[in-house]
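Asks: Residues per chain are reported as follows:
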Amino acid sequence: MTMSVLEGALAFGFAALGFALAMNLWRLVKGPGVTDRILALDTMVINTIGLIVLSGIAGGSGTAFEAALLLAMVGFVGTVAYAKFLLRGDIIE
Amino acid sequence: MSGPASFAELLAAALIVLGAGFALVGSWGLVRLPSLMERLHGPTKASTLGMGAMLVASVVWFQLGEGEWTTHELLISVFLFVTAPISANMIAKVHLHRLRTGEASGGASEPAGPAGSPAPPPGSADWATHEAPHQGTPGDFAGD
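Protein chains in written order, with my numbering: chain A, 194 to 286; chain B, 12 to 155.
Treat the hints as calculated values from the structure; they're not laboratory data. On a predicted model such as this, the values are computed, not experimentally measured, just so you know. Note that the Cβ used here is the ideal one computed from N, Cα and C, for glycine as well. It cannot be assumed that every hint is accurate.
[Stated by the list, open to error] Result set (BS3-like, lysine-lysine): computed pairs, CA atoms no more than 25 Å apart in a straight line: (1) B/K104 with A/K277; (2) A/K223 with A/K277; (3) A/K277 with B/K56; (4) A/K223 with B/K104; (5) B/K56 with B/K104; (6) A/K223 with B/K56.
[As the list claims (entries may be wrong)] Some chain B residues close to chain A (C-beta under 7 Å, calculated; not the full set): (7) V28; (8) S38; (9) V42; (10) E49; (11) P54; (12) S58; (13) M62; (14) W72; (15) T81; (16) L85; (17) F90; (18) L91; (19) V105.
[Stated by the list, open to error] Here's a subset of chain B near chain A, in silico, CB distances under 8 Å, partners left out: (20) L41; (21) L44; (22) V89.
Chain A extracted, bound-state conformation (with noise of 0.2 Å):
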């Protein structure tokens, strides 16, 4: 069985993305600050995205695009959510 170069980088990037995602789950564990585990929790939604994409491609549909375009607005507004409410006590004043 011979792998199509199409299928040879998607495999590496799977690797290459989930391997991300477990460094970044190691920070999300590790802290040591609240503001660290925020971040990785934002780099994480954009690997997840990675991912998504990545999936669309293998599998030649565009309905995964949906998905991926929901999850990068409400990992934006997560984030934001997170940062005001450490910052100001409060999420909308």
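Fit chain B to the supplied structure of chain A, relying on the hints for placement.
Replies: Okay, now just chain B, sitting in the frame of chain A:
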């Protein structure tokens, strides 16, 4: 799908490898760098560039490989490029606030990076955190 690789396939494969490599390096920077202000550099730059390369790979693959234009990817890419600096700025402001109020890093002391601690704003101004911005705080346009 074996046989001689088409141009679209080679381009998409190269962009996927580039993007995934950038995402990996960004997350490695998140683990490896010593202080939060430096850790901000890894994911916010490299992940965004990596995501851009992967989204362009998706556009190229669906256009040249299957002959259909998709623009969702560019939408995601533009959205990420716009929001990544904003969330990085918010995280940095939280870090400054917690440094000032002595709540940073959960009690464990963090090694200062090569750049040292962030400098305070000029004059009697302070970073806008819990209180309303003081006169002259950077970014406080109403008070300028």
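Asks: So, against the hints stated earlier in the document, which numbers end up violated here?
Replies: 10, 16, 21, 22
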